Amino acid sequence: MTYEETPVSLAEAPTRRLNMIEAINDALDIMMERDPNVVVMGEDVGYFGGVFRATAGLQKKYGKPRVFDTPISECGIIGVAVGMGAYGLRPVPEIQFADYIYPGLDQLVSEAARLRYRSAGEFIAPMTVRSPFGGGIFGGQTHSQSPEALFTHVAGLKTVVPSTPHDAKGLLIAAIEDNDPVIFFEPKRIYNGPFNGYYDKPVEPWSKHADSVVPEGYYSIPLGKARIVRPGNAFTVLAYGTMVHVAAAVCAEKGVDAEIIDLRTLVPLDIATVEKSVEKTGKCLIVHEATRTSGFGAELSALVQERCFYHLEAPIERVTGFDTPYPHSLEWAYFPGPVRIGEAIDRLTKA
Amino acid sequence: MRESQNAGVLIMSTSARGNLPSLSLHVPEPRFRPGDPVNYSHLQITVAGEQPRPDEGCVAADTHPLCLDLVRVLDDDDRAVGPWDPKLDAETLRRMLRTMALTRAFDDRMYRGQRQGKTSFYMKCTGEEASSVAPAMALADDDMVFPSYRQQGILIARGYPIVEMINQIYSNRADKLKGRQLPIMYSAREASFFTISGNLATQYPQAVGWAMASAIKGDTRIAATWIGEGSTAEGDFHSAMTFATVYNAPVIFNVVNNQWAISSFSGFAGAERTTFAARAIGYGMAGLRVDGNDPLAVYAATEWAANRARSNAGPTLIEHFTYRAEGHSTSDDPGQYRSAHEREEWPLGDPINRLKKHLIALGEWSEDQHAAMDRELMEQVKVATKEAEKNGILGHGLHHPFHTMFEDVFEDLPWHLQEQSRQAIHERRVKWPEWKDG
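Protein chains in written order, with our numbering: chain U, 1 to 351; chain V, 352 to 789.
Bound conformation, chain V alone (with noise of 0.2 angstroms):
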């Protein structure tokens, strides 16, 4: 050892003060463990319709008392109530409740499918689909949406084939992406969808490029994005936050707080301190903290911020509160790490289940319906997998045709690119001499 060390342990010994406590490093905890208990009642859980709904053209500081707050519309009596009530029709209150029940059949074929070995990887967001459903109903169509992995809701909500969206899981012949992007990483400029990367939180400044890139250029179409509670550590949250301030840029910022960032509850991004909407207060941002599971809520919500947006009165952070209902991924096991009462205790509820009430209490909808509704999802994720599996699973993949690895990479393949891709392709001759194309 060259030095003979360690510095700081003198400084320890010598700076010691007098009768000085000593100082103690806090480590965040959560409230359960495996096995625990589970008793919610630290959490404040707001009365549905007290919330005051200010105007959407009005000063930020106007919205800082939400973020501290919890905007609700739905009532323990399952009826819409106060300023919040976007007011839907049943129609849309039913299309609404049918994509998130699809979200949900859909999620939950996949994962079988993954764990049957169709695939490599899944991520599922039960619990969370109103998070992203009601904002796409919210938005227009062609607003331009950046999102995390957790938010198939949105191009379901947008009508996008899931057809191709099991092609993409698969990998297969058929799927857009060519194979390359790992599972649910999708990508659908029809659908105003950003390619989502997998990296965390690199979206965020991207859609406030894209927000001010419209503002440039006249446009009236706004941008929209997703990301977890946990991803709002990094760096790209608060550039793309200072940025959206600075230029007033027509954006909203969700923040899902589904309390676990795989093993990581809240704590961790530092929700002991202050709520995530919250995060709006520094940056004179308007902030909202809404009920994620409440689907009418994060609808006004959204709807309130596109239009603040729209009307060049500036960006919006909008703070979801929600409960991530199964593991982080197909390659988590949560049950090492939180307790399993802790979705049972949800205080929230169900997103599905809360609205499918709602609509009951209107007279608009029943338990039989519903079952139906839910069996002919079932089926109709079926047809669309066995549809999507005759362009074969993802095996040991190798569906796709060589040079297209090196397709993409630049506009051009540049001559090292060309000798590259031969190399494959001779590769895959000399391990399969039957092979026919390329």
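One chain only, chain U, in its complex shape (with noise of 0.2 angstroms):
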């Protein structure tokens, strides 16, 4: 039963106001109340709760072996998160910052992601690895990455990015149910409120989104299907993430009619969103944090591109963070803000 599904009974179901914490928090709940299978563990995740607190008061609700902390290694984690996999449980790793993730990427990429494929769906790897991702909170070049096209560019694990508190809940329970390995980054600079952009002026809290209105128990919202943050004619916009915020901001602020589409899932993509956009549009902006070559905007600009070649009135703009290291002082100049994302609009319009 999805969300798209219940429309109904959803619209009736009591709500609360969540930041994207208690949201995540929410789902890991709701799915170990569900499923007796569903295990969670991570470096702090236990008794403190996680470092951002995303894993408060599970482990006294559930006990120490479904909810525990783990050594300092994350190939240990994904490693044994396989193993549980092949058991039959659903286990919910968490790696404290996606920057850390990489010791624990041969386990991922050669284990996780073939475990299906090779023994011709003997074994599966059903987990869910949740990741803070992303910059904005002077985390330097260790506590700021965004390396979701690494994972994309593997063949059997599924990368999803929620935008918003509701999303994050829906598409959280979503990942656990889903049988094949999903790679969950939270946008840690959205984590407490929606960020437009303009790091000098005061941070909004979820309480004020319409966003942060999350209905209670169990929703999902299938992987695989992007969300239309606001209709449009004059251009396509394909974000995920925190920059689903910040070119929102940019697009209000420049008073044009984009038609903004938050992927939340990459892979599998929803193309069909995609391509019914841009043929109506005839112009696409693609918009992420993650360094540039070979970042996941270079697949969304060939695939528009291959698909909808015909349709487009103007060349597809990128809007990413630059090809260095994330700098810790010169994290602004970075990050691609108001600036970088309203030329690229103004090229755009100007086509």
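In short, the hints are calculated from the structure, not lab data.
Since the structure is predicted, the reported quantities are computational estimates derived from the model, not experimental observations.
Take these hints with a grain of salt, some might be off.
Calculated pairs, DSS-like style, for lysine-lysine (alpha carbon to alpha carbon, straight line, at most 30 angstroms) [what the hints assert, rightly or not]:
| # | chain 1 | residue 1 | chain 2 | residue 2 |
| --- | --- | --- | --- | --- |
| 1 | U | 276 | U | 254 |
| 2 | V | 438 | V | 708 |
| 3 | U | 201 | U | 276 |
| 4 | V | 787 | U | 201 |
| 5 | V | 529 | U | 201 |
| 6 | V | 737 | V | 787 |
| 7 | U | 254 | U | 350 |
| 8 | U | 280 | U | 254 |
| 9 | V | 708 | U | 201 |
| 10 | V | 782 | U | 350 |
| 11 | U | 254 | V | 782 |
| 12 | U | 280 | U | 201 |
| 13 | V | 529 | U | 254 |
| 14 | U | 208 | V | 782 |
Dock chain to chain to rebuild the complex, using the hints, since each chain is given by itself in its own frame.
As structure tokens, then:
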């Protein structure tokens, strides 16, 4: 039963206003309650409840054999999750920062991603790897990266990036229920409030945002379905995570009638929604925070060119982070903020 | 849902055999949580001076009993006793005391600076000063060190200017690392101090590689590296140990066992089963376990390991048994997960206080001199801080010319970085039309 299939009952469900962390915590709580095979593990996730508090209260409620701290070994965390999945559990490991996921890459890329294929379906890896990612918190090069393209490039991994509390809950529930390994990147800049790209203005909390209204109880948002944040005709914006909010703010500020699409799932991609939109608008702006070269924007650009070429009225625009490590003090020079996005919008508008 | 699920449940129900007991998962739990009274009587604290000191060229196995022991020099009467007493002169002891006290004064000031919004992040080493200052003094100044993020004491011991350290912490205009790195992730080649990563344990195999290179070249310099006990769980630690033993590399491995890795106690790195020094046993490497709050024991252990490495007798793993008196970092609140009484009850005391009392017992120091020194060091740090602040504090960052962001990605700027550099500078002019430089 998914959100789209049950609009009526969901519309009647009582709601609460939650921030991203609370929504993620709620999803974990609901899935642990529903499915005794769900286990949560990671560095500091147990008694402490996670350095971002995403697993707060879960150990107390479900006990240490289902919610536990791990040694500082990402290779070990992902490796044991593969083994638990082979047994029949649904592990939800947390990697404390996406920047620290690399020691676990062999277990993800060579093992989890291919278990189903190489065993012809005898073994699967139904794990959801949660990991805070992205910059904008003065985290320097080791607490700011957006490595999603490393994972979208791997056959057999699904990659999900929520941008609102409402979606974070529904997508995480769907990811946990999914029988394939899912990389669930949580944009930590927007854990506590949406971010419009203006670092020097006060942060707005989620409570003032419509998408902080989260239905209580179980619901899922299917993987592979994008969300149209705002319908429009001038051009299509393809974004995910923090950049959905930044792009939307710049479009609003410039008063352009953009159709903003929050991809939500990068693999499998909701290509139908992308094609339909670009065929309508004839122009496409792709925005991500990650480095540019071989970023996921390159894949999106290629897909739009291959599938919508005869509808395009302007070159596809890509706005991204620069091809450098994430700098500490020059963070806001690096970040693809309002100026970079605004100029791309101007080029599209004039074309 | 595509697969009816769940193979595992079936296996469990069909394979539960007869009267066999149910398996159960062991998840480590620390002894004390917030509010708990603390009693450390379970720790086996050895008597200072009783640990044998094998010859530096001995077979590794001769050190293995020491991996389960605790080398101590300073006894309960503040005297230096036993075969591990490094017999340092009073001048050297005062320099060690002063360096540790300066490290602490520096930490206190930088921590306050972060709280006042002058930078984004800071990490103190309070209570662990001996584990960096004493080794730095026992090593030669050109021995290469590969630290983790809590060895600021090494830089201070090597006389690196604290103004430069503060410039780095503030990511200001004078920061030699051009504002690129998170505060405290120093790099100081002139102090033979490797660039700090921020990723855990990566420096361990790198130190082995440097030591192997030194051996390949017939050099006399050795390498030393530091890691927290929590990070010994990373694969890098074990790769480093394997390479070091295979090539008998001239390297010293320091494991600073400060009991806590953020909220995870040492049990999550294996401390419920054995010591961290005992990791050496399985690799056939020399290992020592020292009282990390006893600066003389730490000095002696490093001196022993350095002499061993320098005479081609191989690597040594040293566990510094100590306590992280403060939070992991300014982003951490240890009151959420451990008892505040742990710090007061820690049975090995405080390294600065212990060395102070030793010097007083020797008649080479006094409480008045100590208080005067503390005032002087506070003033020294204050002056350095003011000096660094002339170069700016972090604020919104953006102190360095934007083109510097693109330099050092490669040796030369490829076309795409040249383009992006022009874009960044262009964006700066759009945002701040009055801006002059790049």
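Each hint tested on the structure:
1. Distance hint between residue 276/U and residue 254/U is fulfilled; the C-alpha atoms sit about 24 angstroms from each other, no more than 30 angstroms.
2. Proximity of residue 438/V to residue 708/V is assessed by CA-CA distance (about 16 angstroms); at most 30 angstroms being required, the pair is judged to hold.
3. As the CA atoms of residue 201/U and residue 276/U are separated by approximately 36 angstroms, the hinted pair breaks the 30 angstroms bound.
4. For a cut-off of 30 angstroms, the pair hint linking residue 787/V to residue 201/U stands: about 24 angstroms separates their Cα positions.
5. For the proposed pair residue 529/V and residue 201/U, the alpha carbon gap of about 25 angstroms is at most 30 angstroms, so the pair holds.
6. A C-alpha spacing of about 27 angstroms is found between residue 737/V and residue 787/V, which places the hinted pair at or below 30 angstroms, so the restraint holds.
7. Note on residue 254/U and residue 350/U: the hinted pairing holds, with a Cα-Cα distance of about 13 angstroms set against a maximum of 30 angstroms.
8. Distance check on the hinted pair: residue 280/U and residue 254/U sit about 21 angstroms apart at the alpha-carbon level, within 30 angstroms; holds.
9. About 52 angstroms separates the Cα atoms of residue 708/V and residue 201/U, which puts this hinted pair outside 30 angstroms; it is violated.
10. Straight-line distance between C-alpha atoms of residue 782/V and residue 350/U comes to about 22 angstroms, which keeps the hinted pair within the 30 angstroms bound.
11. For the hint linking residue 254/U to residue 782/V, the alpha-carbon distance of about 16 angstroms falls within 30 angstroms, and the restraint holds.
12. Straight-line distance between C-alpha atoms of residue 280/U and residue 201/U comes to about 35 angstroms, which puts the hinted pair past the 30 angstroms bound.
13. For the hint linking residue 529/V to residue 254/U, the alpha-carbon distance of about 34 angstroms lies beyond 30 angstroms, and the restraint is violated.
14. This hinted pair checks out: residue 208/U and residue 782/V have alpha carbons roughly 28 angstroms apart, not beyond 30 angstroms.
Of the hints listed earlier, those the structure fails to meet are numbers 3, 9, 12, 13, in rising order.
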